[in-house]
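The hints should help you fit chains B and G onto chain R, whose structure is shown.
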Amino acid sequence: MIELTGVKKSFGKLEVLKDVSIKVDDGEVVVILGPSGSGKTTLLRSINFLEKADSGTMKFSDKIINFKNPKKKDILYMRRHTGFVFQNYGLFAHKTVLQNVMEGLVQVQKKSKHEAQQIAEEVLQNVGMLEKKDSYPSQLSGGQQQRVGIARAVALKPEVILFDEPTSALDPELVGETLEVIKKVAKTGITMIVVTHEMSFAEDVADRVIFMDGGVVVEEGKPGEIFYKPKEERTRQFLSRIIPQDAYVI
Amino acid sequence: MSFSVSSFWESLVSALAYAPVTIKLTAITFVVSLVLGTIIATIRYYKIPVLSQIFAVFVTAYLGLPTMVAILLYNIIFMTCYADVANVLHITVPISEVDPIIIGYFVLILGTSCSVSESVRGAFRGIDKVQFEAGYSIGLGKFKTLTRVIYPQMVPILLPGLQNSLIGLLKASNLVSAISVIEIMTGALLPSLLYYSYLEGYVAAALVYWLIGIGIEVIGYLAEKNSGKYLKQVATG
Amino acid sequence: MENYFSIERFIHVFPKVISSLPVNLHIVFWSMLLGTLLAVFVAVLRLHRVPVVSGLLGLYISFMRGTPLLVQMMIAFYGIPIVLGTVFLNLFGINLNRLEPVIFVEIAIILNEGAFLGEIFRGAITSVPAVQSEAGYSIGMTGAQTFVRIVLPQAFKVAIPHYGVDLIGVFQNTSLVFMLGVVDLLGRAKTIGAASGHTIEGYVAAALIYIAFSLLLKGTFLLIEKKLSGGEVKLV
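Residue numbers (my numbering), protein chains in the order written: chain R, 1 to 250; chain B, 251 to 487; chain G, 488 to 723.
If you are wondering where the hints come from, they were derived from the structure by calculation, not from laboratory data. Mixed in with the good hints, there may be bad ones.
In silico DSS-like pairs for lysine-lysine, Cα to Cα no more than 25 angstroms straight-line [claimed, not checked]:
(1) Lys475(B) with Lys132(R)
(2) Lys95(R) with Lys274(B)
(3) Lys73(R) with Lys8(R)
Chain R with its partners taken away, still in its complex shape (with noise of 0.2 angstroms):
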């Protein structure tokens, strides 16, 4: 339900995308793999234009889009009706934990301050954050900022959840409580797009990976099959390089 085709960015002189095309179907939790420079961060921020794209074309529900000269109106459809979770969380440093995830909900979707209330208070209790509901955030760990950082973009009920290395800022102990709390969203039939380099995770909860190199889709499949039979070598070196939590060779 969300397609990207040939999408272009550069800055200044460096391309950071080369003409990229992806689908993404409903439901589907898609992670995007690649090194440092591949571009997939970008192409991810073009989606809700945090970044703006060159040129190419993002067809969204049914909606198409140009992302040459984007209607102020459609970036605004984009930013509604998806939800970001930022590597380095960007919660609002204001405001207190309840106050995150409402803002959204009464401000963007008018909901009654009660009833924001009450989604808030739901969703922060499904990411295991509920008792810190009045803590500012510079009074809690990354773990935790990450979770309500989640939270923020669950509670807003979007059709896609994109998240930008969501756990690559943080400390490794904190790591694994907070891919299960995304690999809970993902339970919840929502659909994703996941940019991370974290491979279990894309092999427990992953219905497709794509690998990304140098501003190109070089690979993409099932993560079994991009995992143990990948087909480019691109990918088989990048594997290489990165070594599976659970694979310790004596």
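Chains B and G only, in chain R's frame:
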């Protein structure tokens, strides 16, 4: 030492009687300048074409104009042009009935807006870019992101600077005395006109200004205590 | 437009007005020089937290920062002859009432700068992390050595931008001195205006000179800051 306590006292009472003039001038100017200064800074931050360049040049140059020069200059322009402009706009009020404090407001608002805009520009630098993105990502448009996410986070950053600006403004308001507005200083001197001894008047004026300044510092202190609670980091587990 | 503003009159008046600029610069120079010395004194005393003195200095700083400069100048002008008149007459044979008003102006500004710069210096010195002094002591330097060779240079870098802003402020504050009869830029503009009946051109000239010179000072300080920090400039 010839310092007459009784004439000092008279001057003090007279000065206090005119304190509201100064306080009103200062307070209204400050509030208006906060709004205008923030608008200017925001326009410059978003690099809105034409306007940001105009403001950049204007603010940079205008900050070089001392308040006293501005007051005298605008006053003379006002007095010279009033008759002709009033004719064009069909204003029937004669110039003698126009309160010169209007010029004072104009001068002070213009100057304070410029310095506030510089403070706010500095505050923008203290806000993490991700706060903008977080606002956009949940669908808040630019205006709502600014008013609900960015500006509130600027408050603790701006408070010390704004407090200084406000005290500076209080002192600058003294200069409207140069265009026949009776404020704290000229108010304090009214009794002196009878006695030829000005020192007591000026000391009384200084005292009243000082007290108001201390009041501002107290308000500022309380404001700083109550804002930025969310900035304090607690050891995390 | 002839009645409002005449380019001819402006061109005629400009050189006369700018010829009084040295008066303003003279005031800035001497006030900043002596004011800086006083400020160092004040800062050091405050930093050492000498009991009674610190409190008195606190009061002094609060007064200088909380009252308008014009009022301070007037208090100096009327008050100093009254308070010190007899002392100076008997001890030095100087009649304070005969002194040029510019002296009182400078005294007021010097006292002002002692307070403002004093706080700037104190802030700059305290901003140098304690670990810097500790490092100095740890290699055997004395307190004085550490202060002069380690703390002061770093504090200097921090203080320079604020010092620059303050100096430009002093320059702009000289716009008040005409109220005590000093013939500076504005004073000259006023006398020309009174004599010729046209004041606008003189005021415009003064305004332009203030703006241009302030920008000049600003630029100079930016260059100094750039040189000191090897390329990085912090905008104050």
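Taken at face value, is the distance from the CA of Lys274(B) to the CA of Lys95(R) at most 25 angstroms?
-> Cα-Cα ~34 angstroms, so violated.
Pairwise hint evaluation, Lys8(R) against Lys73(R), where the allowed Cα distance is 25 angstroms at most | holds, 22 angstroms
Quickly compare the C-alpha distance for Lys475(B) and Lys132(R) to 25 angstroms and report which way the hint goes.
-> Roughly 23 angstroms between the alpha carbons, so the hint for Lys475(B) and Lys132(R) holds.
Violated hint for the displayed structure: number 2, the only one.
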